[in-house]
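Chemist: Those sequence lines, one after another, are chains A and B.
Counting in the working numbering, the first sequence runs from 18 upward without gaps.
Counting in the working numbering, the second sequence runs from 315 upward without gaps.
Because the hints were derived from the structure by calculation, they are not lab data.
Note that the structure is predicted; figures quoted are calculated from it, not measured.
Derived Cβ-Cβ restraints for the label pairs, each shown as a range: (1) B/Pro1260 with A/Ala165: 32 to 40 angstroms; (2) A/Gly75 with B/Lys666: 24 to 32 angstroms; (3) A/Asn27 with B/Asp421: 34 to 42 angstroms; (4) B/Val1279 with A/His54: 52 to 60 angstroms; (5) B/Glu908 with A/Gly75: 53 to 61 angstroms; (6) A/Gly75 with B/Thr472: 39 to 47 angstroms; (7) B/Leu425 with A/Gly75: 28 to 36 angstroms; (8) B/Lys1243 with A/His84: 51 to 59 angstroms; (9) B/Lys656 with A/Ala165: 50 to 58 angstroms; (10) B/Met424 with A/Gly75: 28 to 36 angstroms; (11) A/Arg172 with B/Met424: 30 to 38 angstroms; (12) B/Gly1350 with A/Arg172: 55 to 63 angstroms; (13) B/Ser1432 with A/His54: 57 to 65 angstroms.
Just so it is clear, CB atoms sit at the ideal spot from N, CA and C, and this is done for glycine as well.
Listed below are the residues making up each chain.
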Amino acid sequence: MIKAILIFNNHGKPRLIRFYQYFAEDMQQQIIRETFHLVSKRDDNVCNFLEGGSLIGGSDYKLIYRHYATLYFVFCVDSSESELGILDLIQLICFFVSVCVFVETLDKCFENVCELDLIFHMDKVHYILQEVVMGGMVLETNMNEIVAQVELQNRMEKSEGGLSAAPARAVSAVKNMNLPEIPRNINIGDINIKVPSLSPF
Amino acid sequence: MALKIVKGSIDRMFDKNLQDLVRGIRNHKDDEAKYISTCIDEIKQELKQDNIAVKANAVCKLTYLQMLGYDVSWAAFNIVEVMSSSKFTYKRIGYLAASQCFHEGTDVIMLTTNQIRKDLSSPNQYDTGVALTGLSCFVTPDLARDLANDIMTLMSHTKPYIRKKAVLIMYKVFLKYPESLRPAFPRLKEKLEDPDPGVQSAAVNVICELARRNPKNYLSLAPLFFKLMTSSTNNWVLIKIIKLFGALTPLEPRLGKKLIEPLTNLIHSTSAMSLLYECVNTVIAVLISLSSGMPNHSASIQLCVQKLRILIEDSDQNLKYLGLLAMSKILKTHPKSVQSHKDLILQCLDDKDESIRLRALDLLYGMVSKKNLMEIVKKLMLHVDKAEGTTYRDELLTKIIDICSQSNFQYITNFEWYISILVELTRLEGTRHGHLIASQMLDVAIRVKAIRGFAVAQMATLLDNAHLLTGNTQRNGICEVLYAAAWICGEFSEHLEDPMQTLEAMLRPKVATLPGHIQAVYVQNAAKLFATVLRKHDGETESQAAQETSQLLIDRLPLFVQSANLEVQERASCILQLVKYIQKLQQKNVEVAEEVTALFAGELNPVAPKAQKKVPIPEGLDLDAWINEPPSESESEDEKPKAVFAKEEPKHSRSRHTEVDEKELARRREVRKQEQANNPFYIKASPSSQKVYDAPGVEHIPVVQIDLSVPLKVPGMPMSDQYLKLEVERRQKEKAERKKKEKKKKREKRGKERKADSGPESEEDITPAHQVDIVTEEMPENALPSDDDDKDPNDPHKALDIDLDKYVPYCRHLQFIHVLHIIKPTVYWFPFQKSSKHKKKKQKKEKEEKEKKKKKRHHHHHQHHSDAGGEDSVQNGTVEEEEPLPVSQSHSVSLKQEVKVYDIQGNHQDESKVVVSVIFENKSDSFLKSMEFNVLDSLNSKLQRPEGAGAHDSLTVPFQLPPGVSNEARFVFSVQSIIMPQKLKGTLTFIVKSDESSTHEKLDFKLHFTCTSYLITTPCYSDAYAKLLESGDLKGSSLRLEGINMPFHHLLARICFHHHFSVVERIDSCASMYSRSIQGHHVCLLVKTSDQTVSIDAKCDEPSLLGNVLDEIKQTFSKC
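The following block holds chain A by itself, in its conformation from the complex (with noise of 0.2 angstroms):
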């Protein structure tokens, strides 16, 4: 089971938070900061796992993580998870961010997983990490398929979106022009993704 799914930045701020078990609002930050704690110390060419902290776990409790550019990824897991499987998903769960929500990054290297584009999608990425992982468990690997289904999805959101959302798109499309650094909206209805046959292992 995966307890808790955490990305922060190096500085320790959350980019999002996925807790599988209940965490009050204070403590789910305390584990951030001791998970930050515990993860940002560490230097980048030793092993990806750690035991557990103390706040979330115990002794059957690791954590794995990948360290992307500012971004740490961080999984809480227990000892029914592989380790180099979990290692390999958040390989995967990052190239699906990038290409589920940031398609322009297709071209680049998968693990440049913009922290910006991060913070402007935290829900979009919920999305996406809700058809990978489930309940703690991993719901599925395959890539095509997730791809698709998030796509569908989003395709679904669309076509209701051209009603109601439509004014505040174009209000927030007007904010939005003078900013040089935000990301630009992106549809993804009307590109034609093709996965690398990349292996899931």
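Let chain A serve as the given structure and place chain B on it in line with the hints.
Modeler: Okay, now just chain B, sitting in the frame of chain A:
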């Protein structure tokens, strides 16, 4: 009105969306909290509006704020509103928010049941998917109970996307509502062979998770998993299965033997490291389980160790880490194979990665022997000196102690060396493990009699140099060792060379800065030392020394009498008065030494931790009997429950009786207290925080603060290294001597000599440096052997320990029970056949059929009468147990089709129509087509046929079935009266097409509609309930159930689950329940329980319906 709408949409135009919020927060780095609080105010405004789009937007922003640590539970109701939006976009936002912040304590969750049910049965698969995903995060026991059947239905959904989610969420449902496991299990098992790999993987996932907690219940699935393992190509599934086998093998060694070969093949063939690693792990598990029975699997062990060595030598730190981890598992059973890689492991101790060093440390634990212990510890001590960061150093420290003390100091040959290691460890700065070192010192000094003299000398030096340990405030943790030092010096003071000096050291003013519990030990042991000094000077007339000692105590003790710590104060003042009295006697030249020594006489022996528990109760002693009659004036009302209580829980009442003879025991308790004070085993687990107490008279005493940053070499303390050298020398000497002896022997009896002593010495050859008497722990005579189960009673998985193979009567009943609905269609389900559960039965039938085949080669009818009432399944239930290990058994079913009815859905709007979902599964090797479904209508129930069709025409099933495939079809029935249970006979005809020929086949079945299946769980408020009962329209009936031996809430849950009632109100052991039929009959129950009898008073506006429902309830409970 129109204006209002326009205004609303204009407002909305200027609402912030999530991106704006994020941007705003980023732009207000300095006053983030303030900015967010204004945002929250805005969100509150937005939530007040009617427009659902605005609300959804607000909830989306709240989800972001929740991530930042803001409590958003106040918006729970709004989240529910957004969840119930009809638009997928908003619904998804709502469910996401709910999954992030709902939990069992969220009260609005109760309101979501119907919404979720509606979404689960939505025609849009993504609505269902989103609801399932959300539910997986916040499912509560209530939701699990109410929705279990809906989700079970979804497990057979036509879309694999829904199937896999439904399968996966069942695990969460099981955890919250364990009763659902049994009815759901057959279907879950089926999903292991689902054509969709995603669904299959989900089912594997769930079963692995279940089996991990209670493996023995899943042994019978081993053949199925074995098949999957050899056929699946999905590495995720393979890993899960292989991990599962790792959990199963300890229970079934035969499985292990079968596994070795395919696993070895996988190890050789796979390129995926993750799979390779898990295979190695499982092979190790197999080898561990076999190690007792099977002698030779050295090839497999070698293979594993080899592969692991490759992993450990890899430059990838992750592989190195995992390699070490797996190595430690092999270590337990095959230490020899690992010990040959000692070089590699010691090398890992120098790795730059702390996790890897820690893993390597774990391995060291099992690699020590008498021979290499000193060497390894020396290496570790070097690391201790080098280590940066206290965590790793503390870890090293505990490991050193673990290694040395393991299995009763088995590997220690020289305790002087060990004591000096412990003393060296006290030099660690800022360690948390002072108490650990202290307890080791105590343990060794008490249990190894031969070492006491040396230990006492060391401890005396330690006490003398106490300022080095306590001088630096960072070293607080380490001052715990002084506790041990003081006690050892006091208790074994006869070994002290100069007790006077130690006494002086123990009474220094600086001691008053130590934590209270240590001071207390100091004071008490000062008294012991005092006794020793007196004894030493016994006989000398007018001993100056003895009187000086008394004076020293009288001078120094007042400092402790003023201590803020009660324990210290009490002991000090006691001892002070005692010494004053002794001084008086001394002045009169009275011999006192004898009497003072008597205060501390007696030998201490260690007591085994469970000794007290194991004292057998002497014959004839009744601990529950009153020693004195209870006071007669106690009120009679009180007496009765007391008697019951005492009868049921004698353990609790025991303590009460001891109070009676309290006075008698008071004296003994005092004695015990004294013993406790002296007994090191009453050492407190956690050191109390140090209280600095500025006693008057301390300040003016010049205390030299020595604060050195380099590790201290305590003067006069031995270095452990020298022992290592000595030990080596000693061994060499011994060896030489032995060789001499052997030569002699050889000369004497050359023929018999077979030992070629050129190799390394064996363990037994190393003799301890001095005769060590390790005192074993004391146990009471006739100690009762007992194995305490240390299982955590709060483990949620414990409830899932359900033996799924065992035939439990009520489970059969469960399967035709259909659950609830309030607004949406009722879901019912009941299989016709005990299909997958009773494989054996099928096999039997197959055999019979095969025999039949021989006789008449052409037509053979498979008649699977399956009666929902289950009369014949009682016989099925007695089928002999399946062997757990017919691995790779082929499921070649000659010719077989299966029909299962899973769901009967009553539509609430149309009170006479019921939808029956039937699953057709082709278990044969042939292609099935032209299936026609027909039911013999009764007066009451009719199959709805298309217009123009005759009353007896069959309905065509709109699909064909290739071998091994299942599919679902729905049929509508119209039902007139629902007050009686009914059975309908039906026939399915189909064409079996094989390569050569095609034949017509027929399958008969029965449909069984119970009365409870027409009931729909409907919530009812207590006032409405009361009104209903008052109205007088309802007719009553009642039922008594005897011998019900289950907790009341289980009983209620069972009625709710099996019979679709909802609890209106519950007071203690009495509850009112309500349900409604699809045709609007009210059914009210009043359930009461006392002892083992349950009485149910029921009322309903339709007496015969009520009678039937009560009969069914009775049946449910008669089978449990």
